[in-house]
Structure formats: C-alpha cells, structure tokens
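Novice: So the protein sequences, as listed, match chains X and V. With my numbering, the residue at position 68 of the first sequence is 63, and numbering never jumps. With my numbering, the residue at position 44 of the second sequence is 252, and numbering never jumps.
These aren't lab readings, by the way, just hints derived from the structure by calculation. For clarity, every value in this text was computed on a predicted model and none was experimentally measured. Each hint should be verified, as a subset may be incorrect.
From the derived model, a few chain X residues whose C-beta atoms are all more than 12 Å from chain V [stated by the list, open to error]: (1) Asp51; (2) Cys82; (3) Ala98; (4) Asp335; (5) Asn339; (6) Ala386.
SDA-like cross-link-like pairs, simulated, lysine to any residue; straight-line CA separation at most 20 Å [as the list claims (entries may be wrong)]: (7) V:Lys299 with X:Thr342; (8) X:Lys387 with X:Arg362; (9) X:Lys387 with V:Asp288; (10) V:Lys250 with X:Thr374; (11) V:Lys236 with X:Gly388; (12) V:Lys236 with X:Thr374; (13) V:Lys280 with X:Arg362; (14) X:Lys387 with V:Lys235.
Every residue gets a Cβ at the ideal spot worked out from N, C-alpha and C, and that includes glycine.
Below are the chains, spelled out letter by letter.
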Amino acid sequence: MKNYKLLLVALCAALLLFSAPRPRGSGGADQVDWPNVYIDASAGAGGVGSEADPYDELADINWTTGGDNSVFDAVAANEDVIIHCLCDEGLHEQMMPTCSGSAAHPVTVRSYGTGARPIIWAIYANSQDYFICEDLEVIGLWLIDGDHWTVDRCINDGTQSLDWISTGATLDLYITVVGAPDVLWVWGDGTTSTLPDPGLKNYGGVATRYGCVICDDWSAVTVVWGDPTSTIVFNLGDLPAGLTGALSFHAATALTGDIGNLPAGLTGYVSLSSATALTGDIGNLPAGITWSVFFSSATALTGDIGNLPAGLTGFVSLSSATALTYTSVAWPLPTANATDLLFNAATFDVGEVNDMLTDLDAHGNIRGSFNIGSGATPTGAGIVAKNNLIAKGMDVTTG
Amino acid sequence: MIKILIAIFALSFGLYGQTELQETAVKKQFTISVKDKAEADKLEISKIETSDAVYDDVKKTLTFSANEVGPKMSWRLIHDGKRVLALMHTKGFTATIHKILEADTPDKCLEEIKRLGLIDDREFKEEDIIINTDIKEVTK
C-alpha cells in the first residue's frame, strides 16, 4: 500500500512536470538536431526547432541563457549555431537577436530547400556581434551597435532589394549580390574593416560598387539611409534631420543639393568630397560642425570664408570652389584651429589674399597647408605674413 | 673597343642610374622680423637640424632658406625626409621649409614616397579623390 501511494505521488509529479504547458525555452533538453535550428513558417506552433518538428517563426529562437536550445549557451560552449529557414513557405519576419556569436563561432542564419527565399524584413541588433546571414532576403539592417555582420547573397533575387541600412558601429559588413545588383551603396570603406574585401562583392553577375558610406563616429549617428533603387542622386535636403554625428559620402559623385540643407545637428566630420554639383553658401553650413569639412570637388559653392562654422578644426577643403570671398570684417578667422585650409581654385583679389595671410599669421594655428593658389599675388603686408607662416612650418601656396 | 664599351656603360649609367624624381624646387631666401632670439627659436624653421636660419640680434631679423615650386599646375609632394606632410595637385607658388618635389603625375609622387620609405600617416588624403577619379576614368 505504501508503495502504491509513493507510485501515485511520483506519477502526479511527473504529470505536473511534463504535461503542463510551459513557455518555450524554460527548461528541458535540447532537440535532436541542436545546435541546428529549423524554421518552417507553415509548420504549426509549438515545434521544438528540430528538422522534423520545426519552429514556425524566428521569434521562437531562445537567445537568452538557460532553457532549451539556448543560442547564448551554445556560443559560450563553442558550438556553431545554424538557423535554417525553409524556402517557399512564406517566412516574412523580423529578427531581433539578443546575444552574440563569437569570432570562432558566429551564428549563421540561412535558407534551405528550394523556391522563394525566406524574407527577413528587418534585422535589429544592439551590441550583437558575429552573425552570418546567407541566402535569405534581407530587406533592412538596423545594426545599432553590431560588429562583424556578414550579409551574403541576401539581396536582389529580382523581387527584393536591400531597402535600408542603419548602423551605430564600425562594421565588417559585406554584401554579396546575385546577378546585377540593385544596391546603391554599402558599408565598409576598406580601411576600418578586418575583412579582406569589404564592400559590395560580385557573385555570379556584374556587380558595381557605386559608392560607399563611411563614418568616423558612428556612436553619435542617429540614422543614415539611402534609396538603393537608383543611383546616388539624392538631395542633401533628403537626409534625415535627426542626423547628429559625422557624415561621409566620400566617393559619391552625383549628390546634389544645397549644403545649407544638411541636417542642422551635424557636429562631426562631413565629407562630400567627390560631389561636383553641390550648391549653396558656406555660411549656411550647420554651425555645430567642429571637425573637418570636405567639399573638394564642388565648384559652385559660394560665400565668405569668414562665415565658416566658428568651431572648425582639422581639414577644410573647398579646393574647387571658384567664387569664394574673404572679408576681414569676419574677424577672427573662424578656421583659426584648422590644420589645413584649401581654397585652391578661389580667385581671391589681392586685398582678400593679403587679409587672409595677415589674419592667419596673427591668429591662425595652422600646421599644414594653406592654399590660395588661384588668387592674386600677395603684396606688402601679405608677403610679410606669408613669410612668417612659412617660418612657422606651413606650406603656403599663393598666386 | 674597350674604351667604347666603357663610354657606353658610363653613358647608360648617366642616363638610367639616377631614377629618383628630379628636384625642381628653387631655394629662396626669406627674412622675417622677430622680437628676439627666443621668439626666433620657437619657430619651426629653427627646429630643423639642417636649417640655415640666421638670427640677427641687431636688426631683429631671422633669415632662412625655403623651397619653392610652381606656378604651373602640378603634383607636389612635401615631406620632411621621414613623413609625408602633403601631396597636392595645384597651381600657384608653393613654398615650404620642408622638402618639396614636383611631378606631372601622382604616380611619380607615390613612387617617390615608396623609394624614400616615407611614412604616410596623414589622417586625410585629399589627393585620393583626384587619383581615384583618374583611375575610374581609365578603367571605364
């Protein structure tokens, strides 16, 4: 009788433990295919993530520590987690991982089967690193602080294109496309990345790297976006107003717009150095820019050098603009802390040339190059100032 | 016969032995006014070991030599023997107390940087825009 009661208690306990509904990931053994996880959007809810009994959505993945099929724990145990998403079953979902892979064991998300590739319409990562996404359709990447992401063969099968990328980190991202690419630009300038060939890569078709987007201080950037369905022709006024950090479209030649329409909150390095068709008065640049501006190819920029943002330091290149002016009334020279001042093509008259040289000599802290090579030949006080600047170590180019 | 061979050898050496970029800079003398020797010593020109700067305590002047190139459009490489200071494509007269070399193509400047083993750790390289544009045009 005693044994019977014990048996009954044990049976009840077993029932409580195993038959009551429990949230996924809260306990139990990893499924048989672990660390492979299978997603089939057409499968019913309640799968365990194995190939035979797959999850039906990415949201089922257990990114946290503890529980069954924990990606976090698997990476910590040096396992290679591979998430397989079945093709042709209409997966259309976002993915929000909350743990990272590792350099030796990145987390891989890929498709399997045949037919239309699964669509991940948004990947959000905030400090999650080391992921590989391949053979999917990824529409958007929102990598707030995600490093070492590889997005490989994930765009442009003729029906999808990468619509936007937003990032808050230095990326090792590269994108490989199938066939003719429908990508406007990609992250990775080839200098900060540790990948051997960051940027847009060719895969089975003609690929052209139209341009690149780099940024020296991603931590301060709110959003940078672009339209990948056309060439780089957006207007500066189309940039999001909330952009608050640095901005670089260094290689983009076809950007247009008035530089006065740059987001007012920009504070850092601004490089639009290959764009030839920029317009506007340099006095309308965001007043908060404090580090280096490059408008090296823009010929039509106008304005008084003295009206440049007062806090500018570093490199100031307006080397193709012909119609710049300088008024000594705009005192003190706002670019006094710049290391290089390049106004190569500006046709300053002799008064402007002499004023710039004397102002720089009196107040400048220039250590590099000063170029007004298309301006008039300095005279009198301008020559005295020029000689002083040369003795201070600057290289000075005058007409 | 031997004399002819020696002459040919000597001529070849003269023509091809010196492959470095030719120095085209003109050395010019500058004189500036300074308050005293202490002010003169603070100037960059006074910190260069090979500088010929001479301070005149009576006239309160500092006389020194600097290099100048120009005025035609050209590529100009400025360096201090160890580091690249600037590489520019410009017209006008460029004067500097550092070394300056003038060339008609950027490649010659890049070769010179390599030949001299110069460190190029400049944060910004404006010439990249022009060079890259040229390359794109060539490969189209």
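Novice: For a quick check of understanding: which of the numbered hints are violated here, in increasing order?
Specialist: 4, 5, 6, 10 and 13
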